[in-house]
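With chain A's structure known, arrange chain B with the ligands on it following the hints.
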Amino acid sequence: MNIDWKNYKPILIPAIKDLHKIDVYEKNGGYKALKKVLSGKSKMTPEEVVNEVKDANIRGRGGAGFNAGLKWSFMPKPDGGPRYLACNGDESEPGTFKDRKIFEYNPHSFIEGAIIAAYAMQIQTIYVYIRGEYRDFIDMMDVAISDAYKKGYLGKDILKSGFSVDMYTHMGAGAYICGEESSLMNSLEGKRGYPRVKPPFPAQKGLWGRPTTINNIETLANVPLVINNGAKWFKGIGAETHPGPVLYGISGHVNRPGVYEYPTGMLLTDLINEVAGGVPGGKKVKAVVPGGSSTPPLRGDSLDGVRMDADSLREAGSMMGTAGICVVDETVDMVDFTWRISGFYHHESCGQCTPCRDGTGWLEKTLDKIRRGDGEMRDIDLLYEICTKMEGRTICALADAAAWPVRYALDRFREDFEARCKKTVYALA
Amino acid sequence: MSKEYTFDKDDLKKIEEIKSRYPEVTPAVMPVLWLAQDKFGHVEPAVQKLVADTLGLPQAHVQGVASFYTQYYKKEKGKFVLDVCTSFSCQICGGYEILDHLENKLGIKAGETTEDGMFSIQSVECLGACGYAPMLQVTNDKYVNNLTTEKVDSLIENLKQGKMPEFESIPMPQHETES
Ligand SMILES: Cc1cc2nc3c(=O)[nH]c(=O)nc-3n(C[C@H](O)[C@H](O)[C@H](O)COP(=O)(O)O)c2cc1C
Ligand code: SF4
Ligand code: FES
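Those protein sequence lines, which keep their order, are chains A and B. Position 414 of the first sequence, counted from 1, bears residue number 433 in this note's numbering, the numbering being contiguous throughout. Position 46 of the second sequence, counted from 1, bears residue number 232 in this note's numbering, the numbering being contiguous throughout.
If we strip away everything but chain A, and leave its shape as in the complex, we get (with noise of 0.2 Å):
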């Protein structure tokens, strides 16, 4: 695989002054998908809709990847009653800071491919769930989603097709957990932001018992693009089984860290030596986070060849997650770097879980200890054991996402862990 990406020019969020202003979205070909779909000779059914987005493979970018289509497929056939779109902008995986952008710069996308998911899947409401930390750029969503009301383009009789759709932000208080989508939904619904037990699954049964589909902002901003071009030319972006543009962030020992439009395959050693401008001191890659802190830690020493899609990443022995890339140099020890990303699992699970309310606080107390030089070797088996005990055994995906960095850091940086140990040597009786 070839990727032109030093020609890229960003579609996504290209580089239009003003994007954000629904006059110039508008003079730059937005909402043109959304005539398209409900008016005119062009005309889309709801089922034609969710085909040809099922057949662009958008995969999710709120972190588990999976096709946009084919979750609005397993909407079940409307009875009249309420139906829900819940859009996640929670946005709290560390490492990740790339929604923001869309808000930012072109909210619009994400509004008209929103209103498109709408109409595909029959919904009449939709919720943009925004983090409370981002008051800026709910202030910014409010002014767009109220802009594209006064258009038309949201509210009652859309472009007079008969479709009606409203939608409206809902400012999170702080919690990570929320962007988990159920945990999201409680928390729409007014209560503690406690995920639910799988199944029902949201389709079925999801906010105030109704089917519900949740997506990530940035997926539904790809959605336009695929209306616009076509599946099949969607599918020519990037990575055959991962396709698309992607926003990469950056973060952490690079000399131009920032979030970064790409086509999905991009070489890992690409984005950080040449896009992000490489190490600042010319200082060794020790270990890359390639999609937010849920996901295994690589060594630096094992990048070559390694693409940002789905497949290239599995077989690396990581994850996509929400292409939040976090370098880290030769400096940082990897006792610390866990102990942190620990702590973090600790504060954000919710508690709901023995082996996860137990198991993330017995991790970083474990790691902290070995941190502090108080830790034996015999703490990196307990973390091991640990770390099984708190896989595939609980509610929702985070006591995982916590296990998992810890697994793969002690496999791939054995020795940062076994220097801070104690060397106990223990007397056979």
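Just to be clear, a hint being listed does not mean it is correct.
Label pairs and their in silico Cβ distance ranges [claimed, not checked]:
#	chain 1	residue 1	chain 2	residue 2	range
1	B	K260	A	K51	42 to 50 Å
2	A	D98	B	E362	46 to 54 Å
3	A	Y168	B	E262	36 to 44 Å
Note that these hints are calculated values from the structure, not bench results. We put the CB at the ideal spot given by N, CA and C, even for glycine.
For chain B with the ligands alone, kept in the frame of chain A given last:
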């Protein structure tokens, strides 16, 4: 001694508008807690009671919600709450050094408030500004990015004079090289 808290006519109008966005009343809890915190600076139990009474919900429910979410202040904090991110990207880019500097400068530890009630410091989880590390957020509002100790010093000076930082737009590097 607990203070009396009330919503005025404008607040109640706003609350009606909030309620209209949802099919039932319970979902209004979070936005109304926000409205209350913006007005009173916190949502201590007496404020939670006001929210519960206004929405006709059990106080226990409102308390349960308020206590789940970290951004709701369940007791009064300093006039300016400085949330320093120490999650992993900020950690390796000097987040803890910024936190240390603030603690030394203000003479308090993370989780505490200065005696004059001006500043609280908190060490918080990722705020979604990882590429602009280290960073902090002022009282659930503006972000201050790419911090240095000098930048922290001038922020504190400005805040003492009541000057809040402004929203900082950080373009995508690809856009800067365009146009
Ligand atoms: C603990 C946890 C936290 C999550 N946080 C987010 C988040 O902040 N934003 C997001 O879009 N998805 C998040 N997800 C994934 C969502 O559950 C869900 O899969 C996603 O929003 C679906 O949208 P997509 O298919 O368009 O990606 C999280 C999942 C888990 C298990
Ligand atoms: S796995 Fe953790 S975060 Fe998820 S429901 Fe259980 S306790 Fe809560
Ligand atoms: S790690 Fe500090 S803002 Fe994300």
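Hint check results:
{"no.": "1", "hint": "K260(B) - K51(A): 42 to 50 Å", "result": "48 Å, holds"}
{"no.": "2", "hint": "D98(A) - E362(B): 46 to 54 Å", "result": "51 Å, holds"}
{"no.": "3", "hint": "Y168(A) - E262(B): 36 to 44 Å", "result": "38 Å, holds"}
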